[in-house]
Amino acid sequence: QADLLSDIKAKGEIVAATEMHYAPFDLLKDGEYVGIDRDLFDEIAKDLGVKAKYLDLPWNSILPGLEAGKFDFVVAPVTITAERMKRYNFTLPIGNATVALAKKAGDTSISKPEDISGKVVGTQKGTAQLEQLKAFSESLATPAEIREYTNVDEALADMAAGRISGVANSLPLMGYAAVQRPGLFELVMPPFGDPKFFGWVATGDENSKSLIEAINASLLKMHEDGRLKAINEKWLGSNPDLPTTMPDVK
Amino acid sequence: METELFVRYGPALLYGFGITILCWLAGSIGGVIVGFILACLNRWGPHALSWVIYVYVEIIRGTPFMIQLFILYYGGPYIGLVLSPVQAGITSFVVYGSPYFAEIFRSGFNAIPKGQIEAARCVGMPETRILWRIILPQMLVPITAPLTNFFIILTKETAILSVVTVPELLFQTQTMAAETFTFVEPFLALSLFYWLMVLVTGWIGAKVEQRVTRHLKRA
Amino acid sequence: MSKEQMTTTADDAIITVRNLSKYFDDFEALRDITLDVKRSEVLCLIGPSGSGKSTLLRCLNFLEQYDGGEVHLDGELIGWQDISHNPRKPLSGEALRKQRQHIGMVFQHFHLWPHMSALDNVAEALTSVKKLSKKKAKEAAMAALTKVHLEDKAENYPANLSGGQQQRVAIARAIAMEPQVMLFDEPTSALDPELVGEVLSVMKDLAAEGMTMVVVTHEMGFAAHVADRVAFLDSGRLVTCVPPEEMFGREPDDARVRSFLQTYRERNVV
Amino acid sequence: MSKEQMTTTADDAIITVRNLSKYFDDFEALRDITLDVKRSEVLCLIGPSGSGKSTLLRCLNFLEQYDGGEVHLDGELIGWQDISHNPRKPLSGEALRKQRQHIGMVFQHFHLWPHMSALDNVAEALTSVKKLSKKKAKEAAMAALTKVHLEDKAENYPANLSGGQQQRVAIARAIAMEPQVMLFDEPTSALDPELVGEVLSVMKDLAAEGMTMVVVTHEMGFAAHVADRVAFLDSGRLVTCVPPEEMFGREPDDARVRSFLQTYRERNVV
Amino acid sequence: MNFSFDTIWHNLPYLLAAARWTILISVSGMAISLVWGTALCATRLSANPFLRGAAVLYISFFRGVPLLVQLLLFYYALPYVGLDLPAVQAAILATGLCSAAYTAEILRGALQSIPSGQTEAAYALGIPSFSLWRRILVPQAVRIGMPSLVNELILLVKVSSLASVVGIGELTRISQNITGETYRPLEIYITAAVIYFAINWVLSISGRLIEKKLQIG
Ligand SMILES: Nc1ncnc2c1ncn2[C@@H]1O[C@H](COP(=O)(O)OP(=O)(O)OP(=O)(O)O)[C@@H](O)[C@H]1O
Ligand SMILES: Nc1ncnc2c1ncn2[C@@H]1O[C@H](COP(=O)(O)OP(=O)(O)OP(=O)(O)O)[C@@H](O)[C@H]1O
Ligand SMILES: [Mg+2]
Ligand SMILES: [Mg+2]
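So the sequences go chain by chain: A, B, C, D and E. So in this note's numbering the end of the first sequence lands on 250, straight run, no missing numbers. So in this note's numbering the end of the second sequence lands on 1219, straight run, no missing numbers. So in this note's numbering the end of the third sequence lands on 2270, straight run, no missing numbers. So in this note's numbering the end of the fourth sequence lands on 3270, straight run, no missing numbers. So in this note's numbering the end of the fifth sequence lands on 4217, straight run, no missing numbers.
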């Protein structure tokens, strides 16, 4: 029986894939990979006593790549859902994935999430946040029209171009966009829908179990010694309340 | 392989296929027409115009479709050009394809021996008639294959339309993949649909080629 | 120059060539050719290979843009908009087309359209230029093909015709248009003696109907029989232009012409 | 048929044609041709346009796959793997290539390669078949071009050559290879009388050097002067094959031949 | 819209660095495409029905299946049969082999318009088929097909962006990533477009030069 953790330790290197296109978790700044995931995982690799090597892949090919064994682990933030848990092994939460809304700066018609009622809102297709947004929209008097984009950039670009009034995605992402282009985007508080969390994933089979356990242990250690807090404050300016046990998912 | 997936996503996939075919046909036929006009203007039009056409061809051909589409759709509104996704998709498809077609037609023009055109001029045939009766039928010999090639390439370029939320085939298969965490099945469906289009295009191309090369077959 | 000369041109000249010259890059293909072709005349051009016969013919319908001098057809300047202007500007395509309608041509290399049957090759211009109905055009084309004994090959593509058959299609294509002037570039090069005779008689008929013809040929016998005058070209210059009796009948004055004709004479005493 | 005939073939025959027939779809282009060509012989093929002269020539080097009968070169069957087998299977490309190296050909339509200069047209096969060095090949090519008086046009592309010049390049290209047998398809059709004389003398030299030649021609004078025997084809059949004196010297027996030659005789009394 | 030249200026070095991958993959792909495409075309026209059939099959497969899927096959499926190609090689091979199918068809089309008499002339001289192709057929086919070939090579440059699915940070990918950080897609994409244009323009000009050089007469 192969064991991923011992393989990695024997190699002295863990190859982790992500899409370097999900600020503030993963981004390419001045040609270098940085972000919350990077900072966190560097620490974890240190704990494991191995070197971390990062790969940039489009989201479409990350999970197929994982299954084909082209790399060991996915450090992209993946929203923890029941359906996904059937197929993959998740780590403990590493970020808040609750949906939040961004609007065009200066748009006075929207001051709270419910104001999207009857308006057009964009989001990334195939995400857990889309499901949340749909559910939320249904609960409104007049539901919002929801447009799905292959990428959140395009949704934001379309909002800047004036075709849509809001973009919904995970709270950290929307917050970061608002900070980066203050004159253009604005975060609408509070987040809405069910609280959701991001985790990292490994293959769903037995031999990645030990790796997940080791990473979880390392994460818990970071919870305690304040490294997690420091990293989050560096990127978000605040510290999300992340659970230290696996959250309940329906 | 989970076949019930196809039952569940079948209608969406078919719908996407329809949109793909619509954009592809409208875009590529428009592209052929514009390309042909460009090639003709380049050959018979005033000299200054051929420079304009050269610049157009080089710029549009030299830059990626995704970026053109992005600029048209997301940049357009800044100059007051607001298009719907399908409108933008078809427009940019026509624009994107035309320089390639123009170049293919140019190569076709070059392949006709000068003497045959001289012979046509000598009997006083008008230039348009020469184009239709002498040049076009013969230039189809060398260019049917490249034309078929490019129609086939365009079938797959439709995938890029998903960037502007055109609900085409790739868009639908991505939804399927994201919602079900399967990869083989959606890609299989995608490949199958494209393959179908390519098969039909290739078949038509072969038929056209057979027809236009009739005179080359020696008994 | 020329303006005065032109006005002195005999009234019955349909083509007047004045001081014509043509360069291919540095190579002087025609030098200072001056020549008249009278209405209904048959003028044969003879001369060594590469002497400029085809080039001269091609200048007459402006397939070559001549560099110096002028060519007039029925008093109309061929090809150029205006001779005084420098550099010269060619006529528009449409104007050229009008001029060329009156001038038929049979090419040295035939230049048939390979994607059309023999019949369609002949019928094409009848529909598109003469505006005959499809049916009429086919009939007329068939008549022209019959003149050159090709009625049974009407449906063949050029690739499936023998060399002589191709040449005859080219002749039929040109004569079907009934132009005022016909330019023939070696119209019998691929024909057997019998057919040469036939083509000769076709041309005699045309001449009788008043068609003007300029014929490049290497067959002296042909020239002797069909021509009103024979012009001899050498290295791009017009050496002489005289009736055939003078050219072939007695020992020519010019040494170049003499040596040219000699080999022929010797060989043809069979 | 044939097997026995073959063995009775005269020893000095280099080409033996037995019961050759060729169809284009339903059209019978050659019917039952039987013919020998002796070593160093010059055989001229004459006959009306479309009678099958080019087709016969093309069968000799298997550019046309003949349907019936056989062609042997130096005792070797040309083109087919095995004649008894039905349907016949052609030789592999490589084997055909070997056979064709010994047979040169000048085409009726020249078939020069338009993207190569005259010199390169001639030099090409010298490097790729005879494996001469580039330099040697160019020298030999230049020598061949000089033989046909084209040394000053060596750098021209075919499009920039006159008809006669193109034909001479085609001749130079074939003779530079020094094959055992040469097939000429109307090698002088585009040449003026003087050059016809020159080519004739080139061919006489080749014959003296022992080359076998089959020449399709429409110039009876040429045939009379150069041929050892003259074959007359009509509608795909070999009507007669006799020495030129017999063909031209006295009134021929065959009515078809007689009428064919008549027009020619009349016209060439210049 | 406030267009930010700063963003462009700041990120240009990274885009240019990424363009190196684009160039590496597409130039290597072109080499495969042209050489293999010519061979494929010859096979497609060969007298042997099996070779011909194989070429037809090859062409219909590589034209029929989306390149993305081919690339995924090369990278993710070949390991199952024991051929584990590194990402760059897989990308080069996939783009080159796919493009060869198109190149072969372009050449085949062009070859058809070369009069058969020219081939016959070569046969009659006993010119070996390799020389026939190299010296007589290909130069003329290239002249006639050059605009279409340049089309194909330009498409190859652009399609090299698919290499991102196997983790190569080529130009399109990096510009998307930078967009994700700067939220300035128009600026970044226009810059990327200019870089693509520069690469393709070199191709196009070379194509025209070759075309001129091969012009007859
Ligand atoms: N590929 C072909 N398909 C059908 N018929 C053909 C083909 N090639 C030649 N023919 C016919 O076969 C006959 C013989 O042709 P061939 O070229 O051998 O004649 P030829 O004797 O050389 O005539 P010419 O003196 O005019 O060149 C002609 O009637 C021609 O129409
Ligand atoms: N396009 C061209 N470029 C350069 N030189 C040319 C061109 N066309 C013809 N020539 C040259 O001009 C001269 C005259 O050519 P032309 O075709 O008029 O000769 P010709 O008298 O018809 O000869 P032939 O009897 O061999 O057909 C030749 O020496 C030829 O090489
Ligand atoms: Mg000439
Ligand atoms: Mg013939």
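It is worth saying that the hints were derived from the structure and are not from the lab. Accuracy of the hints is not assured; some may be wrong.
[What the hints assert, rightly or not] Only part of the chain B face toward chain C is listed, based on derived beta-carbon distances under 10 angstroms:
1. Trp1044
2. Ala1048
3. Ala1119
4. Arg1121
5. Val1123
6. Ile1134
7. Gly1205
8. Lys1207
[Unchecked claim] In silico SDA-like links for lysine to any residue, alpha-carbon gap of 25 angstroms or less:
9. C:Lys2089 <-> C:Glu2076
10. D:Lys3138 <-> E:Leu4214
11. D:Lys3135 <-> E:Ala4031
12. C:Lys2131 <-> C:Leu2206
13. D:Lys3089 <-> E:Arg4052
14. C:Lys2130 <-> B:Arg1211
15. E:Lys4213 <-> E:Arg4052
16. B:Lys1114 <-> E:Gln4112
17. C:Lys2138 <-> B:Ile1117
18. C:Lys2138 <-> C:Glu2076
19. A:Lys221 <-> A:Ala10
20. C:Lys2135 <-> B:Pro1113
21. C:Lys2135 <-> B:Ala1026
22. C:Lys2089 <-> C:His2109
23. A:Lys86 <-> A:Thr108
For every residue, glycine included, the Cβ atom is placed at its ideal position computed from N, Cα and C.
So, going through the hints one by one against the coordinates:
Checking B:Trp1044 against chain C: minimum C-beta separation of about 8 angstroms stays under 10 angstroms; hint holds. Violation of the interface hint for B:Ala1048 is found here, the shortest Cβ-Cβ separation to chain C being roughly 16 angstroms, above the 10 angstroms cut-off. Checking B:Ala1119 against chain C: minimum C-beta separation of about 4 angstroms stays under 10 angstroms; hint holds. The criterion of a C-beta within 10 angstroms of any C-beta in chain C is met by B:Arg1121, whose closest approach is roughly 6 angstroms, and the hint holds.
Using the Cβ-Cβ criterion of 10 angstroms, the hint placing B:Val1123 at the interface with chain C is satisfied: the shortest such distance is roughly 4 angstroms. Annotation: interface hint on B:Ile1134 holds; nearest CB of chain C at approximately 6 angstroms, less than 10 angstroms. With 10 angstroms as the threshold, the beta carbon of B:Gly1205 stays out of range of chain C, its nearest partner Cβ sitting at about 18 angstroms, so the hint is violated. Because the smallest distance between the Cβ of B:Lys1207 and any Cβ of chain C comes to about 17 angstroms, over 10 angstroms, the interface hint for this residue is violated.
Annotation: proposed proximity of C:Lys2089 to C:Glu2076 holds, straight-line Cα distance about 16 angstroms (limit 25 angstroms). For a cut-off of 25 angstroms, the pair hint linking D:Lys3138 to E:Leu4214 stands: about 21 angstroms separates their Cα positions. For the proposed pair D:Lys3135 and E:Ala4031, the alpha carbon gap of about 31 angstroms is over 25 angstroms, so the pair is violated. Restraint check for C:Lys2131 and C:Leu2206: satisfied, since their Cα atoms lie roughly 22 angstroms apart, inside the 25 angstroms limit.
Distance check on the hinted pair: D:Lys3089 and E:Arg4052 sit about 18 angstroms apart at the alpha-carbon level, within 25 angstroms; holds. Taken as a hint, the C:Lys2130 and B:Arg1211 pair is broken in the structure, with Cα atoms around 28 angstroms apart against an allowance of 25 angstroms. Taking the CA atoms of E:Lys4213 and E:Arg4052, the gap is near 32 angstroms; set against the 25 angstroms cutoff, the hint is violated. At most 25 angstroms may separate the alpha-carbon atoms for a hinted pair to count; B:Lys1114 and E:Gln4112 meet this at roughly 17 angstroms.
Between C:Lys2138 and B:Ile1117, the direct Cα distance comes to roughly 22 angstroms. Compliance with the 25 angstroms bound is thereby established for this hinted pair. About 33 angstroms separates the Cα atoms of C:Lys2138 and C:Glu2076, which puts this hinted pair outside 25 angstroms; it is violated. Between A:Lys221 and A:Ala10 the CA atoms are separated by roughly 23 angstroms; this keeps the pair inside 25 angstroms, and the hint holds. Note on C:Lys2135 and B:Pro1113: the hinted pairing is violated, with a Cα-Cα distance of about 29 angstroms set against a maximum of 25 angstroms.
Taking the CA atoms of C:Lys2135 and B:Ala1026, the gap is near 38 angstroms; set against the 25 angstroms cutoff, the hint is violated. Proximity of C:Lys2089 to C:His2109 is assessed by CA-CA distance (about 29 angstroms); at most 25 angstroms being required, the pair is judged violated. In summary, the hint linking A:Lys86 to A:Thr108 is not supported, as the alpha carbons are separated by about 43 angstroms, beyond the 25 angstroms threshold.
The structure is inconsistent with the numbered hints 2, 7, 8, 11, 14, 15, 18, 20, 21, 22 and 23, although it conforms to all the rest.
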